[in-house]
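**Student:** Given chain U's structure and the hints, the job is docking chain Z onto it.
If you read the sequences in order, they're chains U and Z.
Just so it is clear: in the first sequence, position 153 is 153 by the numbering used here, and no numbers are missing.
Just so it is clear: in the second sequence, position 363 is 363 by the numbering used here, and no numbers are missing.
Bear in mind the hints are in silico, worked out from the structure with no lab data behind them.
Among the hints, a few may not be true.
[To be verified] Okay, derived cross-link-like pairs now, SDA-like style, lysine to any residue, Cα gap no bigger than 25 Å in a straight line: (1) U:K15 with Z:V243; (2) Z:K63 with U:D160; (3) Z:K60 with U:G72; (4) U:K85 with Z:H254.
[To be verified] Which stretches of chain Z does chain U cover? Using the computed rule of at least three CB atoms under 8 Å from a CB of chain U, they are: (5) 28-38; (6) 51-61; (7) 64-78; (8) 81-94; (9) 128-141; (10) 245-253.
[Claimed, not checked] If you only want the chain Z side, here are some residues facing chain U, beta carbon under 8 Å, derived: (11) T25; (12) A239; (13) R284.
C-beta: ideal position from N, C-alpha, C; glycine also.
Listed below, chain by chain, are the residues.
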Amino acid sequence: MKRAKSSVSISAELKAFLESGVSVVVGTRDAELVPEITRAWGLLVSKDRKTLSLCVPLATSQKTLDNLAGNGQIAVCCSLPTSYKTVQLKGQCIETTDPRRADLRAVERHREAFGRLNDRIGFRRQRTETFWRRELETSPVLVNLRVVPELVFDQTPGPDAGSPL
Amino acid sequence: MIAPSPLTVPLENIAPCFEGILPSTICSCSREGTPNLTYLSIVHLLDPRHVGLSYQFFNKTRKNILENPMVQVVVISPETLYQYRLSLCYERTEMEGPTFDRMKSNLDAVASQTGMSHVFRLHGVDVYRVLDCRPVSSQAPAESFPKADPLPELEAFSERLAACADLDSLLDTALDALSTIFGIDHSFVMALDEDGTRLYTLASHGYAESGVGSEVWVGGGILGVAAERRVVVRTTSLAREMVFSRAVRSTVEHQGKETVLEKEIALPGLPNVQSQLVAPLVARDRLWGVLCLQSAVTGRFLAGDERLIQIAARHLAATMAMLARPDAMAPKAAPPRRTAERSPMSAVVKHYGSDDSIFIDDTYLIKGVAGRIFWKLVQSHARTGRVDFTNKEIRLDSDLKLPDIKDNLEARLILLRRRLEARCDFLRLISVGRGQFHMEVQRQLNLEQHL
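With the rest of the complex left out, here is chain U (with noise of 0.2 Å):
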């Protein structure tokens, strides 16, 4: 994997909004430029602030760590189900780990609030479960990316989405 240019701080605010119950989407790309997408859980911001790490389930997600092993290049899409707000940080990935407790500690905390989100928008719990167990019935097992992030963008839907923070 690649060095990471420069770390943008994480500040407080932002840091609660990404460890909340956010949607979490992580892109990357091939040698030829072919994006491909997977969906992350358990975003946990470092105490310096200037790294994050997330989940990925394995099974669905050997593409992106293929990606992520040739070039680093990652961006992480964090929307917010009640409200749209959407936060998306671009970077690179300097390390791929089996997860440590903490990790999965927080992958059941995002799993908790991201049901309870949207069970506040008519998407039933039980749905979220199920949409869940989905991600993982083939493995159980998750990889863990460590992400130095070094742009960070508003991604809010609207005429000014993709703008600077």
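**Tutor:** This is chain Z only, laid out in the frame that chain U set:
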């Protein structure tokens, strides 16, 4: 020419993924190799090998696809909650044509409802060729939704309509048949007023309040846009669309550009409506009104339902047009009537000339053309004791200054009759044969004319 290899999962097998019930995501990639993600409210299925995405704002995705046409979209099945990855290649942008018009009407209708007409503008439809469609999970079934044969239901619906002899029973029969035959429990019909500027509710089914007489402007909101453009407007997840729209509204407000925003219009009907289908009622190349179906369930009305309801709506409109013609059929014999017993109580009927509004004992009844007709009837009753009237004499009464659309008189009388049923328990209009009606008055009426 070599035929393209078949998709791992044919798009028609996962058709509900393209109804906008659950959001999708798109990932594009710049020439320099930086991926970019965006959430999408809907991916449109155009044909077995193409999908369309709305182009509203020039954003990073748009910049990227012009540099590198390869993108990936992930859609979610609202039925099974399995996800599917679509490998796409951007081909072209359509800025006119049937696909563009259909997407534009839907977008404009929701934008008008949410006061965002000046913000949501469809510049084009980005058309992508689908290179493959693969399930995210290897456990995902090969989803397939067999097409039900709608002909028996359509036949039963047309049979029920064919048995109607007047507009009044036609409207009730049609809405009841939509419920019993198609399982659509909440519906209403709005008629176009004489000058073509407003729609008023003429009949409804399945609501706590009938809403008869309520109005919307033609061109405003989902109902008004469907009427103005004579197109079907279908929404599958209204609550989510409203959240999406409010997110955009808040960013516009944040920019200090509130002047481009208009007021959000309250949706009539179900308070928790999720799915809605509005079909124009067109016959003899004239718009008669709209048929609106509602459901509290997301994804209740899908693409197949849209086609089915279009046929049902056209049949309803054609029958409305036929029954509303003054000379449609010879009058049938009037049934014998009982004489209403007059109570010793009296009531005050007020008429305000500025808008022809009518109040009975200070309770609002109706206004406009129907108010003018009602005032004429009660005046005649007060002067001479008359209780029997004909549509023809009303149509020919020059004092009433009726608009020059004669077919609307029947609709106005139905509106008046239904408003009286809902608001007044001592005064009724009873149809006693084609083109004739009886006014049953159980109290002494004291009339007051106001400016």
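**Student:** Against each hint, give a clear statement of whether it holds in the structure.
**Tutor:** The hints, checked one at a time:
Among the hinted pairs, U:K15 with Z:V243 is consistent with the structure: their alpha-carbon atoms are about 23 Å apart, no more than 25 Å. At roughly 14 Å between alpha-carbon atoms, Z:K63 and U:D160 fall within 25 Å of each other, so this suggested pair holds. As the CA atoms of Z:K60 and U:G72 are separated by approximately 20 Å, the hinted pair is consistent with the 25 Å bound. Straight-line distance between C-alpha atoms of U:K85 and Z:H254 comes to about 13 Å, which keeps the hinted pair within the 25 Å bound.
Given as covered by chain U, the region 28-38 of chain Z passes the check, having 9 residues with a CB less than 8 Å from a CB of that chain where 3 are the minimum. Coverage of the region 51-61 of chain Z by chain U holds. Counting CB-CB distances below 8 Å, 3 residues qualify, and the rule asks for three or more. For a cut-off of 8 Å, the count of residues in the region 64-78 of chain Z with a CB near a CB of chain U stands at 7, and the three-residue condition holds. Proximity of the region 81-94 of chain Z to chain U, defined as three or more residues with a beta carbon under 8 Å from a beta carbon of that chain, is established by the 5 residues found.
Coverage of the region 128-141 of chain Z by chain U holds. Counting CB-CB distances below 8 Å, 5 residues qualify, and the rule asks for three or more. Taking a C-beta to C-beta cut-off of 8 Å, the region 245-253 of chain Z contributes 6 residues in contact with chain U, enough for the three needed, and the coverage statement holds. A least Cβ separation of about 5 Å between Z:T25 and chain U falls short of the 8 Å threshold, and the interface hint therefore holds. For Z:A239, the interface hint holds, the least distance from its beta-carbon to any beta-carbon of chain U being 6 Å, beneath 8 Å.
Because the smallest distance between the Cβ of Z:R284 and any Cβ of chain U comes to about 41 Å, over 8 Å, the interface hint for this residue is violated.
Hint 13 alone, counting from the list given before, is not met by this structure.
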